[in-house]
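Student: Sequence:
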Amino acid sequence: MKKTSSLAIIPVMLAFFCMGFVDLVGIASNYVKEDLQLSDSVANVFPSLVFFWFLIFSVPTGMLMNKIGRKKTVLLSLVITVVSLFIPLLGNSFGVMLVAFSLLGIGNALMQTSINPLAVLVIGDKNLASTLTFGQFIKAIASFLAPYLAMWGAKQVIPSFGYDWRVLFMIYFVVGIISAALLWATPIYEEISGGKSSSFMDCLALLKKPIVLLSFFAIMCHVGIDVGTNTTAPKLLIERLGMTLNDAAFATSLYFIFRTIGALTGSFFLRVMKTRWFFIISVILMALSMCGMFIGTEKWMLYTAIALVGYGNSNIFSMAFSEALLSVPEKQNEVSGLMIMGLFGGTIFPLIMGFMSDAMGQAGAVAVMAVGVIYLFTYIKNIKN
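The working numbering numbers the first residue of the sequence shown as 1 and each following residue consecutively.
Check before you lean on any hint, since a few could be wrong.
Claimed, not checked - Here are the simulated BS3-like pairs of lysine-lysine, each with C-alpha atoms no more than 27 Å apart in a straight line:
id, residue 1, residue 2
1, K331, K274
2, K72, K331
3, K331, K381
4, K67, K208
5, K384, K208
6, K67, K331
7, K155, K209
8, K299, K33
9, K381, K209
10, K209, K384
11, K381, K208
As the list claims (entries may be wrong) - Label-pair restraints from in silico Cβ distances:
id, residue 1, residue 2, range
12, V99, K208, 25 to 31 Å
13, T378, E330, 27 to 33 Å
14, L204, F355, 25 to 31 Å
15, I281, K209, 25 to 31 Å
Keep in mind that the hints were calculated from the coordinates and are not lab data. Quick reminder that beta carbons are idealized off the backbone N, C-alpha and C, glycines included.
Based on the provided sequences and hints, a complete structural model is requested.
Tutor: Here it is as structure tokens:
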């Protein structure tokens, strides 16, 4: 059998970077809210819409991988993502943004379902949690760059293009094209089953395994907290410190800076300590963060709380994902689809948070995220090592 070159990890990691484009929805929804004068509940439709598509497309993508292979599925996701990034360059009306964020969600659903199994194909099962965490580190770089690019564009309109904060779409559009071209040109050998592939119900039946179901809910909570902090952090600074959006946008970058640090250091810690202990430390940091964001009225306290949830939440996905993936090794594509369907938490949490913040301020949004942290405490007993 032909072997895949170890250099194939380079385009795979660049695809992880493109996977981080989805996190621009947090800062983008805040700018769209300001541009179009929307309420919190309406503005939160945008991140909710992005993650709604994970419910629809994740499991079918796992089935698609069985038919066309993991590499082609990732390539398809990159093409859809590139199209989604081009659309906002045509305008920033409510309808245009709805279409763009919908396509961004669809492309990301395909990508997140297929990129982890593709990474397994390239690097094998050894140190899977650590490798996926490093991929999350690469993804987080794109995530924390987005607010800076938006702030830069908002402060000085690019003379040749005039896209203000939307310049971040243009930059990521170019990177997406490069990533797709590099992955397309890189040979990655895989065996595609010619037999009967799993049906939708076969995939859902895997949820009968307790660890798969509980990991699914853990990922829902992880993403709900991730998207929730992404969108709520700037609003906390605006509400409690009277900052402008352009200044408060730093809160989103701060979150992703510490998520990036967490993913980078997590890839080391997961090699030298038990996964369960690292998971416990991560959730404790998140719990402290929720307390700080709920009661904090000083800049240092809010910044500390945002940093803590960034670090704590940075490795939850890879730990829960690897627990589920390794529990059913013969059904990795299907399990991957189910776990990525859990990213639907990014739809549920922001919608509830939007209504809660309209009713009682940003403390209401934080209370919703705290429910997710409580569930993660209950998940600890399911981690084997």
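Student: Starting from K67, check that the Cα of K208 is at most 27 Å away, please.
Tutor: Between K67 and K208 the Cα gap is close to 24 Å, so the pair holds against 27 Å.
Student: Take the C-alpha atoms of K299 and K33, compute the straight-line distance between them, and say whether it is at most 27 Å.
Tutor: Measuring from Cα to Cα gives roughly 23 Å; hence the hint holds.
Student: Tell me if the straight-line CA distance from K384 to K208 falls inside 27 Å.
Tutor: Holds, at about 18 Å.
Student: K331 and K381 were given as a pair; does the straight-line alpha-carbon distance stay at or below 27 Å?
Tutor: 24 Å, holds
Student: State, for the Cβ atoms of L204 and F355, whether the hinted interval 25 to 31 Å holds or is violated.
Tutor: 29 Å, holds
Student: Starting from K381, check that the Cα of K208 is at most 27 Å away, please.
Tutor: 18 Å, holds
Student: Using the Cβ atoms, figure out if I281 sits within 25 to 31 Å of K209.
Tutor: 27 Å, holds
Student: Within a Cα-Cα threshold of 27 Å, do K155 and K209 meet the stated pairing?
Tutor: 51 Å, violated
Student: For K67 and K331, compute the direct alpha-carbon distance and say whether it is at most 27 Å.
Tutor: Measuring from Cα to Cα gives roughly 14 Å; hence the hint holds.
Student: Holds or violated: K381 and K209, Cα atoms, limit 27 Å.
Tutor: Given pair K381, K209 holds - Cα atoms ~15 Å apart, limit 27 Å.
Student: Within 27 to 33 Å: is that where the Cβ-Cβ distance between T378 and E330 falls?
Tutor: 28 Å Cβ-Cβ, so the 27 to 33 Å window holds.
Student: Below or equal to 27 Å on CA atoms is what counts here, so check K331 against K274.
Tutor: Status holds; Cα separation ~25 Å.
Going down the numbered hints, you'll see the structure goes against 7 and 12, while the others check out.
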